[in-house]
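K.L.:
Sequence:
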Amino acid sequence: MALATFTHDEASFLYATLMSDEIDDTFSSAQLEASFFDEVLTFTDLPMPTSPRLFESPVLLTVETPFICLVEGCAASILSPRGFCRDHGHAKRCGYAGCSRGPQSGGLCITHGGGRRCSIADCVKAVQTGGLCKAHGGGVRCGFSGCEKSSQGGGFCRAHGGGKRCTQRGCNKGVQRGSLCAKHGGFRYCVVDGCHRTDRGGGVCDVHRKNKACSVGGCMRLSRLHGLCPGHVKHAEAVAKTS
316 MALATFTHDE
326 ASFLYATLMS
336 DEIDDTFSSA
346 QLEASFFDEV
356 LTFTDLPMPT
366 SPRLFESPVL
376 LTVETPFICL
386 VEGCAASILS
396 PRGFCRDHGH
406 AKRCGYAGCS
416 RGPQSGGLCI
426 THGGGRRCSI
436 ADCVKAVQTG
446 GLCKAHGGGV
456 RCGFSGCEKS
466 SQGGGFCRAH
476 GGGKRCTQRG
486 CNKGVQRGSL
496 CAKHGGFRYC
506 VVDGCHRTDR
516 GGGVCDVHRK
526 NKACSVGGCM
536 RLSRLHGLCP
546 GHVKHAEAVA
556 KTS
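Each residue of the sequence shown is one higher than the one before, counting from 316 in our numbering.
Treat each hint with caution, since some may be false.
As the list claims (entries may be wrong) - For each label pair, taking beta carbons as the anchor points, the in silico distance ranges come out as:
no., residue 1, residue 2, range
1, 542, 434, 24 to 32 Å
2, 556, 416, 18 to 26 Å
3, 535, 389, 21 to 29 Å
4, 551, 487, 37 to 45 Å
5, 542, 464, 40 to 48 Å
6, 395, 535, 42 to 50 Å
7, 416, 483, 25 to 33 Å
8, 414, 392, 19 to 27 Å
9, 434, 535, 15 to 23 Å
As the list claims (entries may be wrong) - Simulated pairs of lysine-lysine, DSS-like, Cα-Cα distance not exceeding 27 Å:
no., residue 1, residue 2
10, 549, 527
11, 440, 407
12, 479, 549
13, 464, 479
Since the hints were derived computationally from the structure, they do not count as laboratory data. Ideal placement from N, C-alpha and C gives every residue a C-beta, glycine not left out.
Modelling step: build the complete structure from the supplied sequences, incorporating the hints.
P.N.:
Here it is, written out as structure tokens:
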């Protein structure tokens, strides 16, 4: 579809109206009129664009800005425009004093006795799969033929290449702490003054762990309450409720 062209009289009137105050003295009025008239005809003879995109509203480009926790000095991202991050939002925590982990069933984290326990008699370890802990067959097993050990990562146990490897050049041992094996510094010392043995869990070595271990025979977990580890505390409470 083409625009209707102006007649000579209409173009002259348009020229006289728009250009009367801006005529350059270097051109004659006849030259200006002819030049302007030619340009008008040239422009109006152009076909109208038919693409619907030209008539659409312009799209404004925006840069998404993550929402930040409202606590002053905290730069943690949050999902809502106004709110708090997990650390400042009064999220549920493990009921054990000083523990910041999320709670499982019973109001405690796995470490402190929350969640389901292994179905094997007297075992208080946390369930992995099938009602069993890792030690009794729960969880993912090593993919190496004939190996029944639990997978540590990548589908294999540590002995068959599972889990993270020590970052020391030439070392293929499993990581203990800080991306290093025990031999190359991936360990901590026992917290007892004067002891140079390595921490075997809970900050103490095997020797000093005996003095702080759960009173239940064969359990080497650290005691937390009444001489019992969190798992045996929960077990004792469950027995007391049924008796």
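K.L.:
Of the hints given before, which are not true for this structure?
P.N.:
Failing hints, ascending: 3, 5 and 12.
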